Every structure is written in C-alpha cells, then in structure tokens.
Amino acid sequence: MRVGIGLPNTIPGVDGPVLVDWARRADAGPFSTLAVLDRLAYDSIEPFAALAAAAGVTKRAGLATMIAIGPLRNTALLVKQAVSVDALSGRRLTLGLAVGARLDDYETAGVEHRGRGARLSEQLATLRDGDDLGVRPNLRLLVGGMTGPAFARMARYADGYAHNGGPPRAFARAADSARAAWSDLGRPGRPVLWGQGYFALGDEEAGATYLRDYYAFTGPFAEKIAAGNLTSARAIRDFVRGYAEAGCDELILFPTVADLEQLDRLAEVVS
Amino acid sequence: MRVRIVGAGPAGLYLAVLLKKADPSHDVEVVERNLPDATFGWGVVFSEGTLGELRDADPETHVEITDTFARWPTVDIRYRGRLLRSRGHAFSAIGRRRLLQIMQRRALGLGVGLRFETEVSDVNGLAAEADLLVGADGVNSLVRRTYAAEFGEQVAPQGCKYVWFGTDLVLDAFTFIFKRTDAGIVQVHAYPFDERTSTWIVECPETTWRGLGFDAMNEGESLAACEALFADELRGHHLLSNRSLWTSFPLVRNDTWHRPGIVLLGDAAHTAHFSIGSGTKLAMEDAIALSQALVRHPRDIERALLDYELERQPVIERFQQAAGESAAYFTRVERYAHMDPMPFAFNLLTRSGRVTHANLAQRDPQFVRVLDAWFPGGGLLEPGAVAPPPLFAPWKAGAVELRNRVVRASAEPDRLPALARSGAGLVVAGPVAVTLDARISPDTPTLDDDASAAAWAALVDDVHAARAAAAVSLTHAGRRGSTRPPTHGADVPLRDGGWPLVAPSPIAYAPRMPVPRAMDAGDMARVGQAFAAAARRAAGAGFDMLEVDMGHGYLLASFLSPASNRREDEYGGELVGRLRFPLEVLDAVRQGWPEDRPLAVRLNVMDGTRRGLQLGEGIAIAGDLAEHGCGLIHVVAGQTVPEAAQADYRRGFLTPLADRVRAEARVPTLVGGYITTPDEANTLLGAGRADLCLLDVPDTDLERELVAAAGEEVAAAMAVA
Ligand SMILES: Cc1cc2nc3c(=O)[nH]c(=O)nc-3n(C[C@H](O)[C@H](O)[C@H](O)COP(=O)(O)OP(=O)(O)OC[C@H]3O[C@@H](n4cnc5c(N)ncnc54)[C@H](O)[C@@H]3O)c2cc1C
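Going line by line, the protein sequences match chains S and V.
Numbers 457 to 727, taken from my numbering, label the letters of the first sequence in order.
Numbers 83 to 803, taken from my numbering, label the letters of the second sequence in order.
Keep in mind the hints are simulated off the structure, nothing from the lab.
A hint or two may mislead.
When the alpha-carbon atoms are kept at most 25 Å apart in a straight line, the in silico SDA-like pairs for lysine to any residue are as follows [to be verified]:
id	chain 1	residue 1	chain 2	residue 2
1	S	LYS515	S	ARG480
2	S	LYS680	V	GLN395
3	S	LYS680	V	PRO396
4	S	LYS680	V	ARG451
5	S	LYS680	V	LYS478
6	V	LYS478	V	THR228
7	S	LYS536	S	ALA505
8	S	LYS680	V	ASP761
9	S	LYS680	V	ASP382
10	S	LYS536	S	GLY571
11	S	LYS680	V	ALA798
12	S	LYS680	V	LEU576
13	S	LYS680	V	ARG385
14	V	LYS261	V	ARG414
15	S	LYS536	V	ARG594
16	S	LYS680	V	THR228
17	S	LYS680	V	ARG381
18	V	LYS261	V	VAL397
19	S	LYS680	V	ALA419
20	S	LYS680	V	ARG227
21	S	LYS680	V	GLY343
22	S	LYS536	V	LEU576
23	S	LYS680	V	ASP389
24	S	LYS680	V	PRO342
25	S	LYS680	V	GLU399
Keep in mind the model is a prediction, meaning the values are calculated, not measured.
Construct the complete structure from the given sequences, taking the supplied hints into account.
Here it is in structure tokens:
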C-alpha cells in the first residue's frame with residue numbers, strides 16, 4: 457500500500473504560498489500522492505486550481521482529487537480542467553469523482569440536486585469515451601460513494617474506488633462492495649482501492665475544531681469524525697496497518713491543521 | 083456528578099451500580115414507574131461471550147447471576163413430528179425478575195437511590211436537575227421520543243406477531259417448535275430459566291395470526307388457544323401469563339444516542355430481536371461502555387458520551403443486521419415447510435449469518451457430519467456415514483454429473499482449462515454471443531460458425547481432461563452491445579467498427595450509448611434461429627450444460643423488464659407478453675439441445691428499480707421457465723437500467739434471492755454474488771438456499787509466493803539438467 461498526503465486546500469485561511477510550499481515539501485518526502493478535497497460553499501481553494509499550482513512545483517508525486525464533486529461542474533469544463541491538470545503535471549493525475557454530500561454546494565452552484573447520480577454517470581461516460589475532448593484513454597478514474605448505484609457507477613466507468621474515510625473495518629466493508637460490484641459488472645481483475653483519513657500531530661484542538669466546522673452539516677456525525685482524527689504516531693501506524701490489511705492500495709492522510717510542521721511529522725511517522 | 087436514570091431495567095440498574103462503584107461520591111438515582119417486583123416477560127437468554135465482561139465489570143453481581151443461571155448446551159428442533167438435536171452450544175438464562183432483584187439489591191447496597199412507582203413525564207425537568215440524564219426507559223422510551231428529531235429516531239415493526247408466555251414445563255434445551263395449522267405454521271421459542279419455569283414465546287406471521295383468530299381473542303382466550311395448540315409438547319403442563327399480550331417487536335434505531343447532558347442506553351437506543359436473544363446482554367454491555375467512558379473522561383461528559391457511542395455503535399449494527407435476518411427468516415418459515423428435516427434444521431441454525439458450516443462443525447461435529455452425509459443422498463442416509471461438505475457433494479442433472487458444486491466462470495475462453503484444473507465441478511464460458519452482432523464488445527467470443535465450434539470443442543476437451551464439466555452461457559447483448567472491451571469499462575460505446583443494436587424498444591441503455599432499433603418479427607425470428615443454431619453447435623462441441631442469458635439487461639432480459647420493454651404488441655405489456663419472446667427463444671434452444679443435458683437460464687429475478695421487474699414476477703418467471711424445460715436458474719439481479727436505486731453489493735447479495743426462487747418456484751438455483759470462501763458456500767448449500775455456487779476467489783499473496791517459488795524450483799532443476 458502506498459501512502460499519500462492531502463493538500464490543505466479546504467482548511468480556511470490557507471493561502472497560495474502555504475499550499476505551494478506544502479506541495480513542494482511533500483514531493484521531496486515519502487508521499488506517493490498529493491490529493492485534494494472539494495467544497496464549494498466553504499472557505500477553500502478550488503481543487504483543480506490547487507492541483508495546477510502543485511503540478512508546477514512538483515516532479516514526482518501523483519496528483520489526485522479525492523474526490524471532486526462532478527455534477528457541480530459543466531461536463532465539458534470539468535473534462536477540460538482535468539485534462540489540463542493532467543497535461544501540466546506530465547500525466548500524473550488521478551481523477552476521483554463523486555456526487556458529494558452537501559446540498560448547499562448544489563444550491564450555491566445553482567445546480568439541481570436531484571438526478572445528480574445520473575449526471576455523474578454521464579460525466580464519467582464522457583471521460584471514458586471522450587477522445588474528442590482530449591482525454592488520455594488511460595486517465596485513471598476513481599469513483600466514490602456508499603450507495604449501490606455509486607458502486608455500480610464505479611465498476612462501470614472507473615478504474616477504482618475512492619472511500620470517504622472512517623475506521624479500517626468501514627473501509628473493509630466498502631472494499632467488499634466495490635469488489636462485488638466490479639465482478640457483477642464483468643470487469644476483469646479487481647478495482648484499485650483508495651482510502652483516506654485525517655490527522656493532526658500536535659495542535660489537535662485546532663484539528664478537531666476544523667473538522668467540527670467542516671462537517672457541521674452532518675449534525676451529530678461531525679463529533680464522531682472529529683473524534684476519529686489521528687492524533688498520535690501510534691494511531692497513524694495502526695490506521696495505516698488496518699488499511700493495508702483491508703486491501704487498500706493507496707491511503708491518503710489529510711491534514712486538519714495547515715502547518716508545514718504537520719507534514720514533517722507525518723513524513724517521519726510513515727517513512 | 084449528579085446522574086438521573088429513567089428506567090430500572092437491566093440497562094439502568096447496571097449503569098447505576100457501575101457508576102456508584104466507580105465513584106461513591108456520584109449522586110445516582112434511578113426512577114422507575116413500576117413496583118420493584120413488577121416486570122414484563124419471563125426468562126432471558128445470555129450467550130457465553132457476555133459473561134466474561136460482566137465478571138470484569140462487577141464480580142459481585144456476576145457471581146450471583148451466574149449462580150442462578152439455568153445452563154444447557156442443546157438446541158431442540160421439533161419439525162414434522164421429528165426431534166432434531168444440535169449440541170455443543172452454550173446457553174444460559176435467568177428470570178428477568180431475578181436478574182433485576184440481584185441488581186436492585188446491589189444498587190441499594192452501594193447507595194444508589196431507587197425511586198419506584200414514579201412515572202417520569204417531564205424529561206426536561208429531570209434533565210435540568212442533573213449533570214447527566216440517562217434514558218434507560220426501554221423500547222418505548224419517553225426520553226428518546228422527547229428528542230426524537232435530534233436523535234434521528236427510527237422505529238418500525240419487524241418480524242412476526244408474538245406473545246411472551248411462561249410455562250411450568252421445565253425444558254432441558256433451547257426448543258424450537260414448528261407447528262402446522264390450517265392457517266399456516268406457528269412457531270415456539272422456548273427455554274428454561276429456573277428450576278420451575280421456562281419461557282415460551284409463540285409467534286407467527288400476521289396473516290396466520292388473523293387466520294387463527296388471535297386478533298379477536300383476549301389474554302385468557304389466546305393463552306387457552308396456545309395451550310391447546312401445543313398440548314402435545316406441553317405434556318400436560320400449563321402456559322403462564324404475565325400481562326402476556328400479542329404484539330410486534332419494534333426495530334429501534336437512532337442516528338445518535340446522545341445530546342448535551344442526555345444519553346440513551348439499552349432498548350431505548352436500539353433493539354435487536356428476541357429470536358437472537360441479545361437485548362439484555364446489549365443493554366448491560368452499553369452500561370459497561372458508558373460507565374468506563376465516564377471514568378476515562380471525568381471532567382468531560384460530552385466526550386464520554388461520544389466515546390460510548392463510537393464504541394457501541396458498530397457492535398450494535400452487527401447485532402441489528404443479524405436480528406433483522408433472523409426476524410425475517412421466521413416470517414418466511416412457511417416457504418421452507420417442504421424441506422427435509424436436515425436442511426431445514428441447518429437453515430434455521432444458520433439463519434442470522436452468525437453460525438456457519440465451519441463454526442457449527444466445531445460446536446457440534448456429529449450434527450455437521452450427518453448433514454454432510456445426508457446432503458448428496460437427498461435424504462437417504464446410512465447411519466455412520468461420512469462425506470465431504472456440501473460444496474464437494476456431486477450434483478446430477480440428466481446425463482451430467484458434476485463432481486462438486488463449485489462453479490467458476492470466465493469471459494476469457496483461454497482461462498477455462500485452468501479453472502477446471504483449479505478444482506471446479508463446472509466451468510462456465512460466457513458470455514458467448516450467438517452471432518457477431520450479438521456481441522457485447524469485440525472481445526466477446528462467439529459460437530456462430532463451424533470454425534468457432536471447433537475451437538470450443540478443443541477447449542471443452544481440455545476442461546473434460548481436468549474432470550470438470552463445461553457449460554456455455556449464450557447471450558445476445560441487445561442494447562448493451564457494441565461497447566469497448568471490459569478492460570476499458572462497461573457500457574462505453576465503441577468509437578469505430580461498431581454495429582447496430584436491437585432491443586424491444588428504442589431506448590438507449592446508458593449515456594452516450596446509441597439508440598437501438600425496436601425489433602420486428604423478422605429480427606425476432608433471426609435471433610431465435612441464432613440461439614438454436616448456437617445451441618446445436620454447443621452440443622456438437624461437447625458442452626455439458628447450456629445457459630440462456632436472460633440477465634442484466636441484455637436482449638432477453640430487456641424483454642422481461644417493463645423498464646426497457648415498452649412495446650404495445652403481443653411482446654410487451656403484461657408479464658405474459660414480456661415473457662413471450664424469451665420463452666420462444668428458450669423453446670428454440672430446447673429443440674437444438676440434447677434432451678439429457680441440463681438447460682439453465684441466467685435470470686434477472688428483479689431489477690432493483692420501481693419501474694422494473696419485481697421479485698414476485700421474477701419468481702413467477704422462474705416457474706414458467708422450468709415448465710419449458712429449464713432445469714437450473716442462475717439467479718442474478720439489477721443492471722436492467724444503469725441507475726437502479728436498490729442495487730446492493732453486500733457479500734453474498736444474491737443468496738436471499740436464490741433462496742426465494744428455490745423455495746417458491748421449486749427450481750434448483752445457481753448463485754454467485756461475491757461468495758469468496760468455501761465456508762460461505764457450504765453454509766448456503768447445506769441450508770438449501772441454492773444448489774450450485776459460483777465462487778469469486780481472490781488472488782492471494784500466499785499463492786503468488788508459492789507459485790513463484792515452484793517456478794524457480796522448476797527453472798533450477800532444468801538448469802541442473
Ligand atoms: C419476547 C422477548 C424476549 C426476549 N428475550 C430476550 C432474551 O432471551 N435475551 C436477551 O438478552 N434479551 C431478550 N429480550 C430483550 C430484553 O428484554 C431487552 O432488550 C432488555 O430488557 C432491555 O433492557 P433495558 O433496560 O434497556 O429496557 P427494559 O428492560 O425495557 O427496562 C426499561 C424500564 O424503564 C421503565 N420505564 C419506561 N418508561 C418509564 C417512564 N416514563 N418512567 C419511569 N420508568 C419508565 C420500564 O417500566 C422498565 O422497567 C427479549 C425481549 C422480548 C420482548
């Protein structure tokens with residue numbers, strides 16, 4: 457299993473220099489991938505813009521959206537953005553897409569919330585089919601989501617599955633569903649499986665405050681997500697081991713505090 | 083800390099004991115509406131696993147509880163006049179009243195305040211007096227209802243109608259009784275709990291309950307009626323009532339179990355089902371988890387409540403899953419009433435998914451030996467016989483005998499011999515297209531001319547050489563055709579070199595897929611002939627079994643489903659119309675296929691969407707296909723439309739569907755659905771949920787390592803030579 461790190465693009469107040477430094481330092485570290493989250497109605501940096509900035513200062517690490525909310529975006533523009541980041545980075549992009557969990561993102565975008573699943577399927581079909589839009593035929597696609605249709609969509613159009621976080625046993629269950637859907641749709645082999653978790657090594661209060669705020673829309677679950685923040689080297693090692701056991705191929709650890717020291721400490725733990 | 087607990091059931095009393103014990107300076111009071119000695123119900127069962135936790139949490143009550151336990155290792159199953167016993171289990175039970183007495187006494191000794199005969203009606207008022215208010219007030223919890231929206235409360239009835247009696251018959255086993263009546267089967271769950279008394283729960287589906295007139299009876303009348311119904315089993319003993327009224331068992335769930343200063347515990351937070359006997363144990367484990375969390379976070383109650391919930395929720399989810407399976411099983415018992423006693427009993431024991439073939443073999447090796455020996459003979463049994471487990475029992479249909487029930491399938495013809503060598507009884511080649519324009523993608527193999535038939539014959543020989551049988555799954559892709567190879571995705575249209583698609587109605591399958599042409603009579607005749615011709619070639623190539631593909635939205639499935647078949651002629655509309663063309667094709671295939679070789683259909687038994695085919699129709703179709711000569715239904719579901727909302731990809735997700743087809747249409751079934759281990763397969767086959775099992779075996783690093791090592795040894799040996 458490879459371990460990547462998130463860019464702090466959805467932590468409020470993060471500016472360009474922090475993001476770029478973060479990317480540069482991560483590329484020099486032990487991380488396989490730099491990944492971003494996506495949130496429209498929130499103080500954050502747009503995922504493709506963040507990855508484009510990262511592409512400019514990195515050479516080695518993969519770049520990934522984990523995930524981008526497809527249906528918020530016009531399909532042709534989404535494809536154009538993805539293709540551009542892929543080109544700027546020398547084909548290092550893994551494009552993870554899902555419908556997202558927040559109604560207010562849709563309202564802010566002025567996009568219908570209903571029918572979002574079918575629209576995401578159309579976007580995926582376009583990405584898979586769309587030579588006319590300059591998509592590299594082997595652009596790596598991941599799909600996230602926990603519903604039956606999401607797993608089917610993943611198996612139909614993608615190369616793998618992007619899980620939305622939680623303890624290893626939650627990942628293991630989702631991984632089973634992803635493999636079951638893959639086989640049901642007659643795809644050969646197995647789907648690639650990506651997982652994610654949050655960490656704060658030091659300054660855990662700030663990390664918890666951020667997660668409570670970021671997930672406030674989930675009501676009571678925000679507290680649980682904040683409680684799941686990995687705040688010690690040991691918790692991270694257990695988590696990494698648990699995910700590896702469950703068959704995860706690539707695990708992304710997202711920061712909850714946008715301080716470069718966090719990155720260095722994580723590098724120490726995972727290397 | 084000032085703690086007020088509503089409800090002196092097992093959850094509330096045990097929490098009071100543990101909190102007071104952890105810190106005598108806590109001010110803990112339990113408020114209960116009933117008298118100390120007034121409680122509902124009779125005895126409750128515990129499983130061994132809990133007891134260790136009770137000992138660690140409070141040795142004093144543990145000793146008293148376990149000293150009063152009735153214990154026994156046996157499950158008795160009374161079915162069709164027979165008594166089947168399974169041993170090696172570990173049950174213990176205690177009277178509810180006795181359990182509560184022990185905990186009341188302990189609580190008083192520790193200085194807990196117990197206020198009986200006090201009904202709480204103002205939850206907010208009580209909460210205001212305390213640092214922590216605990217809702218341990220049972221399944222109808224007022225605390226929960228007061229903040230229903232905040233907790234995200236969901237309450238729904240599950241399972242049968244039931245009534246909880248006691249009896250003065252002292253049993254020596256956990257006893258299930260299945261009693262046939264004119265209105266359907268009525269079952270009993272009974273077990274001893276002290277030297278004089280046993281619990282005796284009677285249950286049946288609501289229709290049976292009405293049919294027997296229980297809905298119109300009062301407490302005394304229904305007791306008398308149950309006593310009469312089970313007179314033989316009661317052997318002159320009586321049923322006892324404790325406000326024993328018929329009711330349904332509600333499934334209680336909540337999104338969260340706490341809000342600032344208030345927490346739910348036990349049945350107030352979650353229920354399981356009495357048929358897996360675990361509510362009391364879960365309630366007491368809740369109390370342990372909450373008291374420990376409060377010890378860990380003495381100055382942060384909110385953090386403790388969160389910890390408690392995080393620890394308990396995954397456990398509860400597993401039990402609710404098992405409880406749901408078990409409760410649903412008992413509503414379906416009628417459908418299994420044709421089964422022989424051995425698979426019936428094994429199906430019962432494995433109903434909740436917690437007991438499997440492998441772990442029952444550990445508990446009761448002789449029971450599993452008899453099951454395994456019974457299995458291949460279909461009821462004929464030589465006492466003392468030993469046999470391999472169900473997955474390795476042979477299966478016979480017509481002139482074909484499979485050496486075992488392991489089925490492996492591959493879309494790549496070249497892999498078939500290796501699958502045969504891997505030990506499968508049957509390997510399935512498929513999907514294989516009946517003509518070039520019936521293909522799914524350019525990679526789909528075909529069986530449309532003599533040259534392809536000859537290539538297949540060679541492969542079949544290889545499969546036979548490995549002592550496996552070979553089946554071919556014949557398909558026409560319909561509106562899912564002309565796509566790129568499956569390595570690239572599914573339902574992604576071919577850019578160049580595509581072919582025109584046909585379907586019952588001109589509706590594209592998925593985004594960017596072309597609109598198919600609606601088939602006319604000529605198209606249908608041609609497709610029917612193509613299937614028949616392919617069947618003849620398959621027979622000539624030596625295939626032992628043939629499967630006609632009516633699954634997953636391919637051509638024949640798309641005729642079956644109202645979501646894809648909008649025809650207004652005799653091939654659309656009601657089910658008879660939608661079934662007409664698939665049946666014509668099956669009849670045509672039957673003509674071209676030898677009488678003595680089995681003919682199977684891969685059938686979508688439901689579409690998983692409201693506009694599509696429903697399971698009831700799917701089961702009816704399976705019956706019709708059987709009448710037309712289909713001897714095996716390969717059960718699949720979904721994919722008729724790409725965005726089916728009810729798609730479910732849990733491990734073994736097709737097994738419940740196969741079970742219903744087999745039990746209701748009485749056709750043998752083949753089931754897949756991500757079954758990856760022999761134990762899962764042995765369990766579902768032994769329980770009669772299917773006849774053959776399509777395994778989805780994962781790559782393991784163990785095998786990679788061994789195969790690589792073996793390769794090196796061979797290479798080294800060759801280098802030496
Ligand atoms: C038929 C049947 C069989 C069962 N068999 C088993 C079994 O074999 N094994 C097993 O482990 N479990 C079994 N259970 C489940 C078990 O009984 C419950 O899960 C368990 O009692 C839950 O404990 P509790 O303390 O949460 O709630 P309860 O035991 O229901 O206690 C709640 C208490 O709160 C009091 N109360 C309610 N509202 C108020 C109010 N407003 N003010 C004051 N007091 C109030 C009630 O009077 C009651 O005493 C069975 C249940 C049923 C129905």
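Evaluated hints:
1. For the proposed pair LYS515 (chain S) and ARG480 (chain S), the alpha carbon gap of about 9 Å is at most 25 Å, so the pair holds.
2. For the hint linking LYS680 (chain S) to GLN395 (chain V), the alpha-carbon distance of about 11 Å falls within 25 Å, and the restraint holds.
3. Pair hint LYS680 (chain S) plus PRO396 (chain V) holds up; C-alpha atoms about 13 Å apart against a cutoff of 25 Å.
4. The hinted pair formed by LYS680 (chain S) and ARG451 (chain V) fails the criterion: a straight-line CA distance of about 47 Å is larger than 25 Å.
5. Proximity of LYS680 (chain S) to LYS478 (chain V) is assessed by CA-CA distance (about 54 Å); at most 25 Å being required, the pair is judged violated.
6. Restraint check for LYS478 (chain V) and THR228 (chain V): the C-alpha separation of about 61 Å exceeds 25 Å, so the hint is violated.
7. Using a Cα cut-off of 25 Å, the hinted pair LYS536 (chain S) and ALA505 (chain S) holds, with the two alpha carbons roughly 12 Å apart.
8. At roughly 35 Å between alpha-carbon atoms, LYS680 (chain S) and ASP761 (chain V) are farther apart than 25 Å, so this suggested pair is violated.
9. This hinted pair checks out: LYS680 (chain S) and ASP382 (chain V) have alpha carbons roughly 15 Å apart, not beyond 25 Å.
10. With a CA separation close to 23 Å, the supplied pair LYS536 (chain S) and GLY571 (chain S) stays within the 25 Å bound.
11. Restraint check for LYS680 (chain S) and ALA798 (chain V): the C-alpha separation of about 56 Å exceeds 25 Å, so the hint is violated.
12. With a C-alpha separation of about 46 Å, the suggested pair LYS680 (chain S) and LEU576 (chain V) falls outside the 25 Å cut-off, and the hint is violated.
13. Proposed proximity of LYS680 (chain S) and ARG385 (chain V) is supported: the alpha carbons are some 10 Å apart, at most 25 Å.
14. A hinted pair counts as satisfied when its Cα atoms are at most 25 Å apart, and LYS261 (chain V) with ARG414 (chain V) qualifies at roughly 14 Å.
15. Using a Cα cut-off of 25 Å, the hinted pair LYS536 (chain S) and ARG594 (chain V) holds, with the two alpha carbons roughly 18 Å apart.
16. For the hint linking LYS680 (chain S) to THR228 (chain V), the alpha-carbon distance of about 23 Å falls within 25 Å, and the restraint holds.
17. A threshold of 25 Å between alpha carbons decides the hint, and for LYS680 (chain S) with ARG381 (chain V) the separation of about 19 Å falls inside it, so the pair holds.
18. Of the supplied pair hints, the one linking LYS261 (chain V) and VAL397 (chain V) is violated, its CA atoms being roughly 34 Å apart against a limit of 25 Å.
19. With a C-alpha separation of about 46 Å, the suggested pairing of LYS680 (chain S) with ALA419 (chain V) is violated against the 25 Å cut-off.
20. A C-alpha spacing of about 23 Å is found between LYS680 (chain S) and ARG227 (chain V), which places the hinted pair at or below 25 Å, so the restraint holds.
21. A C-alpha spacing of about 17 Å is found between LYS680 (chain S) and GLY343 (chain V), which places the hinted pair at or below 25 Å, so the restraint holds.
22. Between LYS536 (chain S) and LEU576 (chain V) the CA atoms are separated by roughly 22 Å; this keeps the pair inside 25 Å, and the hint holds.
23. The hinted pair formed by LYS680 (chain S) and ASP389 (chain V) meets the criterion: a straight-line CA distance of about 9 Å does not exceed 25 Å.
24. Note on LYS680 (chain S) and PRO342 (chain V): the hinted pairing holds, with a Cα-Cα distance of about 14 Å set against a maximum of 25 Å.
25. Proposed proximity of LYS680 (chain S) and GLU399 (chain V) is supported: the alpha carbons are some 16 Å apart, at most 25 Å.
Hint check: violations occur at hints 4, 5, 6, 8, 11, 12, 18, 19; the rest are consistent with the structure.
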